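Colleague: Chains as they are written, first to last, in this note's numbering: chain A, 1 to 338; chain B, 1 to 364.
Hints are computed from structural coordinates only; laboratory data are not their basis.
Worth double-checking, as some hints may not be accurate.
Quick list of in silico lysine-lysine cross-link-like pairs, BS3-like style, CA-CA up to 30 Å [what the hints assert, rightly or not]: (1) B/171 <-> B/198; (2) B/90 <-> B/113; (3) B/140 <-> A/144; (4) B/280 <-> B/198; (5) A/268 <-> A/235; (6) A/122 <-> A/63; (7) A/59 <-> A/261; (8) A/31 <-> B/280; (9) A/130 <-> B/140; (10) A/63 <-> A/333; (11) A/144 <-> A/235; (12) A/122 <-> B/140; (13) A/31 <-> A/162; (14) A/144 <-> B/159; (15) A/235 <-> A/63; (16) A/122 <-> A/59; (17) A/162 <-> A/63; (18) A/33 <-> B/280.
To be clear about the criterion: a stretch of chain B counts as covered by chain A if any three or more of its residues have a C-beta under 8 Å from a C-beta of chain A, and this derived list gives those stretches [unchecked claim]: (19) 86 to 100; (20) 251 to 261; (21) 307 to 315.
As the structure is a computational prediction, the values presented were derived from the model and not from experiment.
C-beta atoms are modelled at their ideal positions from N, C-alpha and C, and glycine is treated no differently.
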Amino acid sequence: MAKKNNSLWTVLQTLVETPGPSGSEHVIREKIKAEIQEHADEIYTDALGNLIARKGTLKEGGKRIMISAHIDEIGLMVTHVDDNGFARFMPIGGISPLTCLGGRVLFMNVTQGVIGMERLEKDEHPELAKLFIDTGATSRADSKIGVGDVCGFERPFLDLGKRLVAKSMDDRVAAAIVMEALKEVRPGTNELYFVFSVQEEVGIRGAITAAYGVDPEVGLAVDVTRTGDTPLGVKMEVALGNGPAIKVRDSSFIADPRVVKWMVDEAKAQKLPYQMEVLEAGGTDGAAIQRTRAGVPAGCLSIPCRYIHSPSEMVDRDDVENSVKLLVGLLGKPVSLG
Amino acid sequence: MAKNDISTKFNPRLGKKEIDLLTRLCNTVSVSGDEQEVRSIVLEELRDFTTVTKVDAMGNVLVRREGTGEDRVRVMIAAHMDEVGFMIVKDEGDGVFEFRVIGGVDPRQLVGKPVIIGRDHVPGVIGAKAIHLTTPEERKQVLKVDQLRVDIGPGGDSKVKVGDRATFATKLAILGPSIRSKALDDRLGVFNLIQLVKHAPENVDLLAAFTVQEELGLRGAKTAAYAFDPEIGIAMDSTPANDLAHYDGLPNTSHNTRLGNGPAIYLMDRGTIGDQRLIKWLVDSAEAGKIPWQFRQPGMGGTDAGEIHKTRAGVPSVSVSVPQRYLHSAAGLIRIEDELNTLKLIHTALTRLDRSILNLQEKK
Chain A
1 MAKKNNSLWT VLQTLVETPG PSGSEHVIRE KIKAEIQEHA DEIYTDALGN
51 LIARKGTLKE GGKRIMISAH IDEIGLMVTH VDDNGFARFM PIGGISPLTC
101 LGGRVLFMNV TQGVIGMERL EKDEHPELAK LFIDTGATSR ADSKIGVGDV
151 CGFERPFLDL GKRLVAKSMD DRVAAAIVME ALKEVRPGTN ELYFVFSVQE
201 EVGIRGAITA AYGVDPEVGL AVDVTRTGDT PLGVKMEVAL GNGPAIKVRD
251 SSFIADPRVV KWMVDEAKAQ KLPYQMEVLE AGGTDGAAIQ RTRAGVPAGC
301 LSIPCRYIHS PSEMVDRDDV ENSVKLLVGL LGKPVSLG
Chain B
1 MAKNDISTKF NPRLGKKEID LLTRLCNTVS VSGDEQEVRS IVLEELRDFT
51 TVTKVDAMGN VLVRREGTGE DRVRVMIAAH MDEVGFMIVK DEGDGVFEFR
101 VIGGVDPRQL VGKPVIIGRD HVPGVIGAKA IHLTTPEERK QVLKVDQLRV
151 DIGPGGDSKV KVGDRATFAT KLAILGPSIR SKALDDRLGV FNLIQLVKHA
201 PENVDLLAAF TVQEELGLRG AKTAAYAFDP EIGIAMDSTP ANDLAHYDGL
251 PNTSHNTRLG NGPAIYLMDR GTIGDQRLIK WLVDSAEAGK IPWQFRQPGM
301 GGTDAGEIHK TRAGVPSVSV SVPQRYLHSA AGLIRIEDEL NTLKLIHTAL
351 TRLDRSILNL QEKK
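Assemble the whole structure, with the sequences as input and the hints as a guide.
Modeller: In structure tokens, the structure reads:
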């Protein structure tokens with residue numbers, strides 16, 4: 001049987017158009033598994049739902065390396081459906097009322113809806129408690145959703161040529177990059193564990209247990225990072241199109257300097273553009289890997305992304321391709337952290 | 001060999017013996033970090049019922065009650081022994097003490113409350129200036145904890161030391177169909193876990209964790225879960241019922257839970273997204289046993305499940321709580337039927353538990 005080998009871009013579009021908020025990753029997990037399982041030597045789902053694919057077997061001079069991209073996305077969970085069928089909700093992960101308003105949502109049970117808001121007083125700021133989901137139901141009895149039902153934003157994939165836009169680029173673009181790297185890489189002496197982790201958006205939870213189970217010698221998260229290149233945006237060096245970002249620190253961890261050097265050296269060797277990332281706020285699976293068991297040298301490969309946690313997250317096509325090249329180069333050679 | 005009271009049928013009731021146990025559990029001073037009074041009662045109650053009981057380094061009581069069936073699932077059930085309360089931090093003489101709050105207590109609830117201090121339950125009161133002497137402006141202010149003092153009266157100083165824990169002095173009372181106490185969070189869980197150990201179904205290995213320091217951040221559960229290394233985790237706790245009508249006449253969309261509607265099954269809180277397989281297992285068990293149940297509205301708050309599920313390579317976990325009005329105050333209120341139905345639900349669910357419920361994929 002021929003191995004599934006959809007292009008990176010086809011895979012990315014499939015991933016971003018699949019709903020999968022934290023705790024409801026079963027659909028996206030099965031899609032990823034179907035695409036990669038023939039390329040892996042072993043594939044399994046752990047107790048919390050992390051999908052873990054091994055490629056290569058540890059040999060003299062190699063290392064056990066964990067690469068983690070999270071497959072959950074931010075979303076909403078219904079807390080109450082009123083007599084007229086309007087649903088109140090709690091955020092799953094970091095959700096701003098500003099990006100909700102007027103948005104459309106897709107429930108795991110395929111019910112669709114729109115987000116509306118109570119009338120605000122003059123100068124009043126919208127809060128999540130003032131918002132509700134309208135699924136078109138006319139009553140509670142008529143509603144196809146109830147307490148506990150989960151939805152994500154619904155927004156089609158948008159190809160702007162050099163730039164690509166979708167909801168859940170965070171972190172599906174990384175998942176697509178890691179899947180492509182898994183297909184291409186020749187592990188040599190390394191034993192590679194590609195982890196598609198769950199529940200990152202609610203506190204990096206899946207990576208904690210995945211890292212314990214994998215027990216790696218080196219860890220690398222792949223995630224998106226903010227940029228400082230929009231009008232009057234945050235003061236930050238990272239810009240779209242300037243290459244993969246090599247994380248130095250964020251508010252969840254300080255990347256191991258040896259891992260940072262390993263990544264920089266590889267980018268230079270391949271003559272790839274790259275940029276150093278110092279992120280003021282935010283966290284990734286790298287933090288969980290670093291603190292597993294007796295400690296693991298860990299870092300993070302970041303994909304520059306505008307408008308993170310909105311329904312329209314934007315990445316650069318070249319950054320995505322260069323991230324794959326960097327990752328394949330890193331994983332296919334013996335690793336010396338010096 | 002321990003005198004295990006083995007029964008497959010279990011019909012929970014609150015008779016005189018049970019009420020007496022719950023009363024003793026609730027009337028202790030057992031604030032986070034000094035859970036000795038409750039720990040003693042738990043160890044005494046379970047002395048004859050189990051072969052393996054251990055007090056770990058943190059002070060958790062870990063009881064391993066193995067079944068006799070085939071292919072038993074290792075289930076950890078946690079109930080925390082600690083409660084919110086106070087710590088004496090400074091002796092100012094003449095029986096007056098400065099104190100701090102341990103865990104989540106609303107400072108607005110402190111003024112004028114009787115308290116009991118330390119393992120001797122020395123009585124005292126949190127005093128404040130009389131209304132005669134306060135100005136209208138003062139009465140609009142919420143007094144901060146460091147402006148308040150515990151007063152035990154002169155002559156009693158030697159019985160209270162800096163570092164002692166204290167709680168509200170409220171004694172447990174049965175109010176018709178309800179129970180009122182200061183520490184139903186989580187002595188109901190402790191009480192229920194004791195009953196489950198005594199009446200454990202034979203198809204599971206019950207790993208009962210009576211945990212410490214939950215109210216300070218699920219600290220005991222973390223080490224308990226590491227030690228037990230369970231396959232699934234359940235936290236039994238208590239959760240607010242904010243079910244009274246709104247004073248402004250608007251619909252109450254955030255009741256969290258409602259008294260009398262049965263055990264509250266968690267979907268999501270600050271620390272845990274409930275495992276969907278276990279939620280379904282609990283709901284199916286309730287339906288099969290014709291036990292009333294409700295979902296706790298997804299929201300903030302947390303239980304020991306927040307640590308259990310992140311243990312080692314991961315533990316699918318879920319929480320069930322008894323709904324309670326006025327949680328973390330001097331007097332919480334629960335319905336006896338909710339308490340009994342919670343115990344019944346967990347017991348029924350355990351008898352129905354086998355590995356297929358998890359349907360875990362094995363390594364290929």
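Colleague: Against this structure, judge whether each hint is valid.
Modeller: Checked hints:
no., hint, result
1, B/171 <-> B/198, "holds, 26 Å"
2, B/90 <-> B/113, "holds, 19 Å"
3, B/140 <-> A/144, "violated, 47 Å"
4, B/280 <-> B/198, "holds, 26 Å"
5, A/268 <-> A/235, "holds, 26 Å"
6, A/122 <-> A/63, "violated, 60 Å"
7, A/59 <-> A/261, "holds, 23 Å"
8, A/31 <-> B/280, "holds, 23 Å"
9, A/130 <-> B/140, "holds, 29 Å"
10, A/63 <-> A/333, "holds, 10 Å"
11, A/144 <-> A/235, "violated, 45 Å"
12, A/122 <-> B/140, "holds, 28 Å"
13, A/31 <-> A/162, "holds, 26 Å"
14, A/144 <-> B/159, "violated, 62 Å"
15, A/235 <-> A/63, "violated, 37 Å"
16, A/122 <-> A/59, "violated, 67 Å"
17, A/162 <-> A/63, "violated, 36 Å"
18, A/33 <-> B/280, "holds, 24 Å"
19, 86 to 100, "violated (count 0)"
20, 251 to 261, "holds (count 3)"
21, 307 to 315, "holds (count 7)"
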